[in-house]
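Engineer: The residues making up each chain are set out below.
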Amino acid sequence: MSNIVLKGISHAYEKEKVLNGIDLTIEEGELLTLLGPSGCGKTTILRIIAGFIIPDEGAVLSGEADITKWAPENRNMGIVFQNYALFPNMSVKDNIAYGLKIRKKGRDYIEEKCREYMKLTGLLEYEKRKVNELSGGQQQRVAIARALAIEPQMLLLDEPMSNLDVSLRTRMREEIRAIQKKIGITTLFITHDQQEALSISDRVAVMNKGRILQIGTPKEIYDEPERSFAADFVGTSNYINGHFIRPEQLRLGQGGEKGIPVVVKDVKFMGMYFEYTVVCTDDSGKAQNYCVTEINRGKAYREWHAGDTAYLYVNL
Amino acid sequence: MKNKNHIKIKSGLLKGSWYIVLAFLLTGYIVVPFLCTVIKSFQTENGYGLSNIKDYLSNPNQLRVILNTVMLGAASVLVCGIVGIMLALYMTFLAGREKKIVHILLLSPMMIPGVIVVISFIQLYGESGMVTKGLEYLFHLTEAPFHFQGFGAIVFVIAYTQYVYFYLNIYVALKYIDYSLIEAARGMGTSKMRVFADVIWPEILPAVLTSVIVTFASGISSFSAPNLIGGGFKVLSTQIVRSKANNHMETASVQVVILFLISLSVMMLIQYYSRKYGNINSARASAVVRTGKKKGIFVSLCRIVIVVQIIMVVLPVAAIVYLSFVDTKSIMTMIFPRGFTLENYLIIAEKGRVLKPLINSIKMSVMAVAAGLAITVPTAYMVVKYKGKWNMLFRMLIMLPWAMPASVIAVNLINAFNKKSIFAFNQSLIGGFYILPIAYAITSLPLLYSSNEVAVQGINKNLEEASQSLGAGMFYTFIHVIIPNIAPGIMAGGILGLIRNIGEYTMSALLYGVYNRPISISMVTNMQEFKMGISLAYGVIVIIICYVALGLIFKFDKEKYF
Numbered sequence: 001m002s003n004i005v006l007k008g009i010s011h012a013y014e015k016e017k018v019l020n021g022i023d024l025t026i027e028e029g030e031l032l033t034l035l036g037p038s039g040c041g042k043t044t045i046l047r048i049i050a051g052f053i054i055p056d057e058g059a060v061l062s063g064e065a066d067i068t069k070w071a072p073e074n075r076n077m078g079i080v081f082q083n084y085a086l087f088p089n090m091s092v093k094d095n096i097a098y099g100l101k102i103r104k105k106g107r108d109y110i111e112e113k114c115r116e117y118m119k120l121t122g123l124l125e126y127e128k129r130k131v132n133e134l135s136g137g138q139q140q141r142v143a144i145a146r147a148l149a150i151e152p153q154m155l156l157l158d159e160p161m162s163n164l165d166v167s168l169r170t171r172m173r174e175e176i177r178a179i180q181k182k183i184g185i186t187t188l189f190i191t192h193d194q195q196e197a198l199s200i201s202d203r204v205a206v207m208n209k210g211r212i213l214q215i216g217t218p219k220e221i222y223d224e225p226e227r228s229f230a231a232d233f234v235g236t237s238n239y240i241n242g243h244f245i246r247p248e249q250l251r252l253g254q255g256g257e258k259g260i261p262v263v264v265k266d267v268k269f270m271g272m273y274f275e276y277t278v279v280c281t282d283d284s285g286k287a288q289n290y291c292v293t294e295i296n297r298g299k300a301y302r303e304w305h306a307g308d309t310a311y312l313y314v315n316l
Numbered sequence: 001m002k003n004k005n006h007i008k009i010k011s012g013l014l015k016g017s018w019y020i021v022l023a024f025l026l027t028g029y030i031v032v033p034f035l036c037t038v039i040k041s042f043q044t045e046n047g048y049g050l051s052n053i054k055d056y057l058s059n060p061n062q063l064r065v066i067l068n069t070v071m072l073g074a075a076s077v078l079v080c081g082i083v084g085i086m087l088a089l090y091m092t093f094l095a096g097r098e099k100k101i102v103h104i105l106l107l108s109p110m111m112i113p114g115v116i117v118v119i120s121f122i123q124l125y126g127e128s129g130m131v132t133k134g135l136e137y138l139f140h141l142t143e144a145p146f147h148f149q150g151f152g153a154i155v156f157v158i159a160y161t162q163y164v165y166f167y168l169n170i171y172v173a174l175k176y177i178d179y180s181l182i183e184a185a186r187g188m189g190t191s192k193m194r195v196f197a198d199v200i201w202p203e204i205l206p207a208v209l210t211s212v213i214v215t216f217a218s219g220i221s222s223f224s225a226p227n228l229i230g231g232g233f234k235v236l237s238t239q240i241v242r243s244k245a246n247n248h249m250e251t252a253s254v255q256v257v258i259l260f261l262i263s264l265s266v267m268m269l270i271q272y273y274s275r276k277y278g279n280i281n282s283a284r285a286s287a288v289v290r291t292g293k294k295k296g297i298f299v300s301l302c303r304i305v306i307v308v309q310i311i312m313v314v315l316p317v318a319a320i321v322y323l324s325f326v327d328t329k330s331i332m333t334m335i336f337p338r339g340f341t342l343e344n345y346l347i348i349a350e351k352g353r354v355l356k357p358l359i360n361s362i363k364m365s366v367m368a369v370a371a372g373l374a375i376t377v378p379t380a381y382m383v384v385k386y387k388g389k390w391n392m393l394f395r396m397l398i399m400l401p402w403a404m405p406a407s408v409i410a411v412n413l414i415n416a417f418n419k420k421s422i423f424a425f426n427q428s429l430i431g432g433f434y435i436l437p438i439a440y441a442i443t444s445l446p447l448l449y450s451s452n453e454v455a456v457q458g459i460n461k462n463l464e465e466a467s468q469s470l471g472a473g474m475f476y477t478f479i480h481v482i483i484p485n486i487a488p489g490i491m492a493g494g495i496l497g498l499i500r501n502i503g504e505y506t507m508s509a510l511l512y513g514v515y516n517r518p519i520s521i522s523m524v525t526n527m528q529e530f531k532m533g534i535s536l537a538y539g540v541i542v543i544i545i546c547y548v549a550l551g552l553i554f555k556f557d558k559e560k561y562f
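Chains V and F, in that order, give the protein sequences.
With our numbering, the residue at position 231 of the first sequence is 231, and numbering never jumps.
With our numbering, the residue at position 32 of the second sequence is 32, and numbering never jumps.
Each hint should be verified, as a subset may be incorrect.
Claimed, not checked - Anything over 10 Å on all C-beta distances counts as not near chain F; from chain V, calculated:
(1) 61
(2) 133
(3) 182
(4) 294
Unchecked claim - Okay, derived cross-link-like pairs now, DSS-like style, lysine-lysine, Cα gap no bigger than 25 Å in a straight line:
(5) F:555 <-> V:130
(6) V:17 <-> F:387
(7) V:128 <-> V:101
(8) V:15 <-> V:209
(9) V:17 <-> V:69
(10) V:104 <-> F:15
(11) F:461 <-> V:15
(12) F:276 <-> F:387
(13) V:69 <-> F:387
(14) V:69 <-> F:461
(15) F:15 <-> V:101
(16) F:15 <-> V:69
(17) F:385 <-> V:15
(18) F:363 <-> F:555
(19) F:385 <-> V:69
(20) V:181 <-> V:113
(21) V:17 <-> F:385
(22) F:461 <-> V:17
(23) F:555 <-> V:128
(24) V:113 <-> V:128
(25) F:461 <-> F:385
(26) F:15 <-> F:461
(27) V:101 <-> F:461
(28) F:192 <-> F:175
(29) V:15 <-> F:389
(30) V:15 <-> F:387
(31) V:130 <-> F:461
If you are wondering where the hints come from, they were derived from the structure by calculation, not from laboratory data.
Because the structure is a prediction, the values reported are computed rather than measured.
Every residue, glycine too, gets a C-beta built ideally from N, C-alpha and C.
Please work from the sequences and hints to get the whole structure.
Structural biologist: Right, dumping it as structure tokens:
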């Protein structure tokens, strides 16, 4: 295994530019997530790494080797597609064994590897099932096992959770992370779901309109967003004195010296917390909205109501 | 790296040699034969000129034949359109529990070769047919109540055999109508007629136009009906066979060119029209729910049409099965023959000479379909995957026989292969065994190609990428992933092609020889030699083969038909 480096990648479909000067290094063994809205170019990056697209400009390096123009079948990348793309004419085991058969591995080796990866993904009892007899979560496991069985130099996951329901999604992302850590495989994960990105990744790259806006650990991305897009796409934020400040970093109080006087405009009860929209009038007379969240601590908590006057504090 | 280059060169070689073989076959068996016919039509005793065509067009009898042909095409479209659309509407919106069995019955004429139906119709409605004689007996008539001959009789046969294209295409199109649209329109107080005009018609228009093309083409190229019950009503296809029989290949070629031009121009006109008006894409949002009362004039009319249609479809099959178990003598002498016997079948089973045509037909059909699939499956895959002008050109050539009535294809082949040809490795094919399977394969190409293309388009594109990413090259992926996943579509198209070839009559009449005499020819000659029983027993065997095949198609391609 080695790291994967994208150098100055640009690409256009027809005349529409979808990637614009992408520089990115995916370090050996890390899980890096590309996070961005649909159409931002994240899947194009994955397809360029996989070899389905040759970029108009730039290079893809695997360690020392320039693999930009290599055919997909020669790259040894494990891919999990959004719709899984399992071979419907094959059983679970045959799907997993497919890549190994192409590599002309011996029968015993194939048998051993299939068992290993079926065990890893919890599929042992489904070995002989046809893939269309499986549930969405099970199909995803097959897709992961199939991608891992070839012992790829890198695992590429293209929005793998988007076809799963919410509770399964949370469980699967934990499983994926556990498997990834266990075998230590370099992984590129693609999603538009910020929660998913923050919870699973070693590093996150936030993308918009064909560019990478910010790259860092989940905590860095969340706590110190560099641009307003990153700040808004990953959670909600308030722009105060040149800084992006998260709603939970603000607090409402009864009065005091440093608070900004505001009026509560709207209250949303979200279960775990309350979300307030408050408005303050600045020196020039312009109204400014802020979003504040406060944890619901049960009976001890005194909630605010629309129309209340309050003071806004920054909890830093 | 050396290994990788090797793989690339190998797949390049594979693709290159495939294109060469494909170009060789399509040029040699479709383009060149047609050009031979065109050249032949200009060939006169002293060089080349327009005199054949001038002579032909200045003869009022010949102009009448052309007019008859066009009339037959138009009448087919009209009759089959009305019947087919009504049946499809009824089956979609009104049919209840009986739906499935009625649907299968309505589709079955597609599976029965035209020549068998015509022979059976003659047994029913001909001069000494059961229905004719029955009516005479019932009403004490001194002569037959109708003459089952000429234009009317041909249209009658067509109405009960060729409506299937309209019916099936429109039935499928109706499946994709968003039923909530109809409910919304009804909710706004729109009348049923307006709902049909404003909501349903625009949705089914593309299917209607496709059906018009297919039905018109089958109308102008129909041969068995005009040949066997046409009487004095002559059309181009029958005249082509006559010209060939009299060895007037120049005249036959002129007729072929005219027939081809009629076919092509109508096809292009309608395709132009459908490109202009027929571009409707809609995803089905909600299924048809049959509710409400089933009354009204239209509903009653549809019911009558459907009952008549089913009787008309079942009757010939029943008649042919019944008569095949009766000895020929009692067929000839009794109104309702009762001399039951198994002799007709025993003769076929026992006498090798009598069994041979059946074996020939099965063998030739299988060969034709196998060859057709070998050509169309990879082409469909290449076209869907790469588009590109070369692939599109090959696609066009493969679809070209769609515009060629059977008699056109046969005459083209005669003109190209009655002498040694480099495309037949310096052999003459006429009179030999292979000319018929080749002709069958050519007519099957468009059908096979389109069903393969639909199947390939239906494949999840990521499957191929998944296979590639796991290390498979193009060829491996094609064999292990693409083929198994389009197999149901390939099989359904292949079986349909097989059925059409097994009872093929027009090309067979023009091209058969001692080595490849097919069953359709034997049926007609046996009938003409008054060995009715054998002819009908052949028919029953073919029908059984076709119904088994029909069952298989339904199994493979449920989605398309139900």
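Engineer: Compare the structure with each hint and give your call.
Structural biologist: Here is what the structure says about each hint:
Non-interface call for residue 61 of chain V relative to chain F: holds, since the shortest CB-CB distance, roughly 16 Å, exceeds 10 Å. Residue placement check: residue 133 of chain V keeps its beta carbon more than 10 Å from all beta carbons of chain F (closest about 16 Å). Residue placement check: residue 182 of chain V keeps its beta carbon more than 10 Å from all beta carbons of chain F (closest about 22 Å). Against the 10 Å criterion, residue 294 of chain V stays outside the reach of chain F, whose nearest CB is about 43 Å from its own CB.
Of the pairs offered as hints, the one joining residue 555 of chain F and residue 130 of chain V holds, with about 19 Å between alpha carbons and a cut-off of 25 Å not exceeded. A threshold of 25 Å between alpha carbons decides the hint, and for residue 17 of chain V with residue 387 of chain F the separation of about 23 Å falls inside it, so the pair holds. Between residue 128 of chain V and residue 101 of chain V, the direct Cα distance comes to roughly 17 Å. Compliance with the 25 Å bound is thereby established for this hinted pair. With a C-alpha separation of about 14 Å, the suggested pairing of residue 15 of chain V with residue 209 of chain V holds against the 25 Å cut-off.
For the proposed pair residue 17 of chain V and residue 69 of chain V, the alpha carbon gap of about 20 Å is at most 25 Å, so the pair holds. Taking the CA atoms of residue 104 of chain V and residue 15 of chain F, the gap is near 24 Å; set against the 25 Å cutoff, the hint holds. With a C-alpha separation of about 23 Å, the suggested pairing of residue 461 of chain F with residue 15 of chain V holds against the 25 Å cut-off. At roughly 23 Å between alpha-carbon atoms, residue 276 of chain F and residue 387 of chain F fall within 25 Å of each other, so this suggested pair holds.
In summary, the hint linking residue 69 of chain V to residue 387 of chain F is supported, as the alpha carbons are separated by about 22 Å, within the 25 Å threshold. Using a Cα cut-off of 25 Å, the hinted pair residue 69 of chain V and residue 461 of chain F holds, with the two alpha carbons roughly 21 Å apart. Pair hint residue 15 of chain F plus residue 101 of chain V holds up; C-alpha atoms about 24 Å apart against a cutoff of 25 Å. Among the hinted pairs, residue 15 of chain F with residue 69 of chain V is consistent with the structure: their alpha-carbon atoms are about 20 Å apart, no more than 25 Å.
Restraint check: the Cα-Cα separation between residue 385 of chain F and residue 15 of chain V comes to about 21 Å, which is no more than 25 Å; the hinted pair holds. Between residue 363 of chain F and residue 555 of chain F the alpha-carbon distance is near 23 Å, which keeps this suggested pair within the 25 Å criterion. Between residue 385 of chain F and residue 69 of chain V the alpha-carbon distance is near 20 Å, which keeps this suggested pair within the 25 Å criterion. A threshold of 25 Å between alpha carbons decides the hint, and for residue 181 of chain V with residue 113 of chain V the separation of about 19 Å falls inside it, so the pair holds.
Proximity of residue 17 of chain V to residue 385 of chain F is assessed by CA-CA distance (about 24 Å); at most 25 Å being required, the pair is judged to hold. Among the hinted pairs, residue 461 of chain F with residue 17 of chain V is consistent with the structure: their alpha-carbon atoms are about 23 Å apart, no more than 25 Å. The straight-line distance between the Cα atoms of residue 555 of chain F and residue 128 of chain V is roughly 24 Å, inside the 25 Å bound, and the hint therefore holds. Between the alpha carbons of residue 113 of chain V and residue 128 of chain V the distance comes to roughly 16 Å, so the proposed pair stays at or under 25 Å and holds.
Note on residue 461 of chain F and residue 385 of chain F: the hinted pairing holds, with a Cα-Cα distance of about 9 Å set against a maximum of 25 Å. The straight-line distance between the Cα atoms of residue 15 of chain F and residue 461 of chain F is roughly 20 Å, inside the 25 Å bound, and the hint therefore holds. Of the supplied pair hints, the one linking residue 101 of chain V and residue 461 of chain F holds, its CA atoms being roughly 22 Å apart against a limit of 25 Å. The hinted pair formed by residue 192 of chain F and residue 175 of chain F meets the criterion: a straight-line CA distance of about 18 Å does not exceed 25 Å.
The suggested pairing of residue 15 of chain V with residue 389 of chain F holds, with an alpha-carbon distance near 21 Å, which does not exceed 25 Å. A C-alpha spacing of about 20 Å is found between residue 15 of chain V and residue 387 of chain F, which places the hinted pair at or below 25 Å, so the restraint holds. Among the hinted pairs, residue 130 of chain V with residue 461 of chain F is consistent with the structure: their alpha-carbon atoms are about 20 Å apart, no more than 25 Å.
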